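S.K.: What follows is each chain in one-letter form.
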Amino acid sequence: MNKTLLHAVLLALIVVAPFAFPDFRTQLATLWLMIIVALTWDMTGGQMGYNSLGNIFFYGTGMYVAAVVCIAMAHNVAEYTDASGGGIFKFTDAQYFGGLIIGVIAAGLFCSITAFIIGYVTFGLRGPYFAIGTLGVAIAAGELVSNWDWVGGGQGIALPVYPYDLDQGKLFFYALFAITGIGLFAFLSWFYQTRFGAAINAIRDDEEKAEAMGIHTLRYKLTTWSIAAFFVGVAGGISAFQLIHFEPLETAYQTINLGIFMVVCVLLGGKGTLWGPVIGAIMFHVFKEVTWNYFLGWQWVALGALIVVTVVYFQDGVMGYLQYRYPAWFGITVEQDKPAESSK
Amino acid sequence: MDQILVNLQLLAQFPVVNIKIILDGIMIGALFALAAYGLALVWGVMNVKNLAQGDFVIAGGYVAWYLAGLGLHPLLGVPVAFVLLWVIGWVCYKLVISRVIERDLFTSLLATFGLAIMLAQIMNLLFGSDTQSVDLDMDTLYFFDGFVDIPIAKLIGVLMAAALATGVILFMKNSRMGQAIRATAQDARAARVLGIDTEKVYAFTFSLNAAICGAAGAIIVMVWVIQPFYGITHSVRAFVIVTAAGLGNLPGVIAAGLGIGALEQYGAMIFGIGYQQAIAVMLLLLVLVFRLVQQRRKRQVLQ
Numbered sequence: 004m005n006k007t008l009l010h011a012v013l014l015a016l017i018v019v020a021p022f023a024f025p026d027f028r029t030q031l032a033t034l035w036l037m038i039i040v041a042l043t044w045d046m047t048g049g050q051m052g053y054n055s056l057g058n059i060f061f062y063g064t065g066m067y068v069a070a071v072v073c074i075a076m077a078h079n080v081a082e083y084t085d086a087s088g089g090g091i092f093k094f095t096d097a098q099y100f101g102g103l104i105i106g107v108i109a110a111g112l113f114c115s116i117t118a119f120i121i122g123y124v125t126f127g128l129r130g131p132y133f134a135i136g137t138l139g140v141a142i143a144a145g146e147l148v149s150n151w152d153w154v155g156g157g158q159g160i161a162l163p164v165y166p167y168d169l170d171q172g173k174l175f176f177y178a179l180f181a182i183t184g185i186g187l188f189a190f191l192s193w194f195y196q197t198r199f200g201a202a203i204n205a206i207r208d209d210e211e212k213a214e215a216m217g218i219h220t221l222r223y224k225l226t227t228w229s230i231a232a233f234f235v236g237v238a239g240g241i242s243a244f245q246l247i248h249f250e251p252l253e254t255a256y257q258t259i260n261l262g263i264f265m266v267v268c269v270l271l272g273g274k275g276t277l278w279g280p281v282i283g284a285i286m287f288h289v290f291k292e293v294t295w296n297y298f299l300g301w302q303w304v305a306l307g308a309l310i311v312v313t314v315v316y317f318q319d320g321v322m323g324y325l326q327y328r329y330p331a332w333f334g335i336t337v338e339q340d341k342p343a344e345s346s347k
Numbered sequence: 002m003d004q005i006l007v008n009l010q011l012l013a014q015f016p017v018v019n020i021k022i023i024l025d026g027i028m029i030g031a032l033f034a035l036a037a038y039g040l041a042l043v044w045g046v047m048n049v050k051n052l053a054q055g056d057f058v059i060a061g062g063y064v065a066w067y068l069a070g071l072g073l074h075p076l077l078g079v080p081v082a083f084v085l086l087w088v089i090g091w092v093c094y095k096l097v098i099s100r101v102i103e104r105d106l107f108t109s110l111l112a113t114f115g116l117a118i119m120l121a122q123i124m125n126l127l128f129g130s131d132t133q134s135v136d137l138d139m140d141t142l143y144f145f146d147g148f149v150d151i152p153i154a155k156l157i158g159v160l161m162a163a164a165l166a167t168g169v170i171l172f173m174k175n176s177r178m179g180q181a182i183r184a185t186a187q188d189a190r191a192a193r194v195l196g197i198d199t200e201k202v203y204a205f206t207f208s209l210n211a212a213i214c215g216a217a218g219a220i221i222v223m224v225w226v227i228q229p230f231y232g233i234t235h236s237v238r239a240f241v242i243v244t245a246a247g248l249g250n251l252p253g254v255i256a257a258g259l260g261i262g263a264l265e266q267y268g269a270m271i272f273g274i275g276y277q278q279a280i281a282v283m284l285l286l287l288v289l290v291f292r293l294v295q296q297r298r299k300r301q302v303l304q
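Taken in sequence, the protein lines are chains A and L.
Heads up: the first sequence begins at 4 in the working numbering, then just goes up one per residue.
Heads up: the second sequence begins at 2 in the working numbering, then just goes up one per residue.
Be aware that a few hints might be false.
[Said to hold, decoys possible] Covered, in the sense of this in silico footprint (three residues per stretch, anywhere, with C-beta under 8 Å from a C-beta of chain A), are these stretches of chain L: (1) 233-240; (2) 274-281.
[What the hints assert, rightly or not] Covered, in the sense of this in silico footprint (three residues per stretch, anywhere, with C-beta under 8 Å from a C-beta of chain L), are these stretches of chain A: (3) 142-149; (4) 255-266; (5) 297-303; (6) 309-317.
Bear in mind the hints are in silico, worked out from the structure with no lab data behind them.
Everything numeric in this text was worked out from a predicted model, so none of it was measured.
We put the beta carbon where it would ideally sit given N, CA and C, even for glycine.
With the hints as constraints, model all of the structure from the sequences given.
M.R.: Structural data, given as structure tokens:
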């Protein structure tokens with residue numbers, strides 16, 4: 004009962020937020036993006052124990068797939084990118100919204116399939132090699148796309164602008180992100196309670212033993228990563244239309260920005276918990292915006308420092324801290340003579 | 002695609018071009034090998050994978066560039082960068098690295114990534130985001146009717162890199178500190194039991210690594226370009242080299258460095274200069290997959 008009330012209040016907040024703070028609609032949409040990517044990173048990093056540094060690959064790929072699909076439905080892609088402009092080529096409303104919906108779904112599916120293929124190769128890599136390998140995939144993709152003229156090369160792609168009122172457009176993208184985010188959260192809260200969720204936790208705790216217990220680990224790892232990639236791809240696809248113009252290195256495959264931010268969000272909020280990534284994403288986003296506004300020029304240094312401090316001193320995150328201090332809130336029973344193991 | 006074919010044809014028609022490419026690759030690869038050498042040291046001794054490696058290189062480059070801007074001789078930048086980066090490396094060790102040594106590897110990876118972002122941004126704020134290089138203002142030697150050219154500046158760079166590498170190897174072999182470092186790399190607990198101050202060894206190793214990178218960067222700025230955000234590709238390259246050579250194989254690091262330098266030059270020649278950064282990363286992926294296959298085969302043999 005209490006939980007239902009909490010969820011209802013949160014849902015109301017999500018609906019009211021863009022109307023209560025109309026100037027911050029784009030900010031709130033970005034916050035949703037952070038929540039989505041943090042949640043998806045936690046699927047593999049927190050729940051399955053495979054720390055990827057390359058999830059940004061699916062974000063960038065999602066952007067490009069969505070954009071190319073939308074353009075290809077109305078125009079010749081090579082001519083479009085050659086002229087480098089959404090202003091020159093006209094899109095009707097049906098072409099815009101149809102392209103958006105099909106593009107975003109195609110982005111999710113494409114990323115899912117790519118994740119399956121990449122995962123098939125990289126899941127043999129353990130620990131830090133997996134992180135370096137996936138980071139390599141993301142960096143390589145950025146470099147290759149920036150040399151690929153068909154999709155605009157280093158110049159990037161300019162997509163058509165939202166056809167109606169600009170303010171309404173901001174609300175539209177907020178809604179798209181929010182629906183994706185809520186959908187993902189609802190899916191995950193169910194997913195982690197299934198046998199499947201238990202299996203990926205077993206892989207995190209001890210992969211060899213899980214294998215010995217009869218869990219086909221590779222199948223579970225691939226499925227989890229593909230699902231995560233689907234949602235990152237969808238988020239990337241929506242971002243592409245929201246940003247209107249994007250280019251490969253700074254926006255799409257921003258390895259050192261969003262690619263690292265999502266990891267830090269999860270660490271800040273608490274790895275391997277359902278609410279941790281959400282809380283972490285909110286904290287991180289607020290910190291980022293505050294430094295952007297008040298420490299202009301030094302914002303990156305401050306962010307780097309935050310990453311170092313989080314990683315070195317606060318790796319269990321807010322949820323880990325709370326679970327350690329108030330185990331009863333989470334239904335964790337602690338034997339009196341043994342201290343809790345959840346937090347070091 | 003047509004351009005690639007034209008380039009391949011060019012390679013086939015003028016075999017001397019191959020000599021030029023290989024020489025160029027060795028000259029730049031020698032500098033890659035230096036940065037990778039430091040990484041192999043830190044990785045082997047304290048089991049920390051340092052992603053800020055490339056940013057130390059770039060920082061060293063900016064030291065030399067700054068000194069050259071003041072009117073000093075660019076070659077002076079190499080020792081100055083060595084000393085300054087030693088200090089920076091020591092500070093980084095005390096603030097960050099010393100706290101992640103005992104932790105899992107992903108922690109060290111992420112913490113050094115944070116460090117890398119900070120360093121890159123501080124350089125961006127201090128020196129601007131343009132690409133910079135230092136002109137040594139020296140002649141170029143020509144061979145084979147001008148097909149193969151070796152700028153004397155590059156030659157000096159290679160010689161300095163070789164001297165530095167030799168110095169470090171001799172130091173590791175003969176000095177007491179070098180012995181202590183090797184002992185710690187083999188078994189840190191046993192070294193501690195025998196009275197080696199491993200904490201001091203760690204601090205020394207990391208500072209030495211940063212200093213080597215700094216000197217390499219000071220040489221790189223004379224033969225190539227630097228930019229605050231080029232650090233990550235230098236880091237990735239160092240990873241490729243160490244992973245390809247295998248951990249603990251220090252002569253292999255130098256060989257792999259030279260090889261990757263040459264491969265990159267070939268890639269740039271065949272696919273175009275824009276792909277040069279991508280080639281290092283693709284090589285990393287290839288090397289990782291190759292090692293994976295090797296590992297699997299080994300496991301099968303054991304079973």
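S.K.: According to a criterion of three or more residues whose C-beta lies within less than 8 Å of a C-beta of chain L, is the segment 297-303 of chain A covered?
M.R.: holds (count 3)
S.K.: Are three or more residues of the segment 233-240 of chain L within 8 Å, CB to CB, of chain A?
M.R.: holds (count 4)
S.K.: Are three or more residues of the segment 309-317 of chain A within 8 Å, CB to CB, of chain L?
M.R.: Three-residue rule met by the segment 309-317 of chain A, so holds; n is 6.
S.K.: Against chain L, does the segment 142-149 of chain A show at least 3 residues with beta-carbon separation below 8 Å?
M.R.: holds (count 5)
S.K.: Test coverage of the segment 255-266 of chain A by chain L using CB-CB distances below 8 Å; three residues minimum.
M.R.: As far as the segment 255-266 of chain A goes, the hint holds, because 4 residues have Cβ atoms under 8 Å from chain L.
S.K.: Holds or violated: the segment 274-281 of chain L covered by chain A, criterion of 3 or more residues with Cβ-Cβ distance under 8 Å?
M.R.: holds (count 4)
When the structure is compared with the earlier hints, no violation turns up for any of them.
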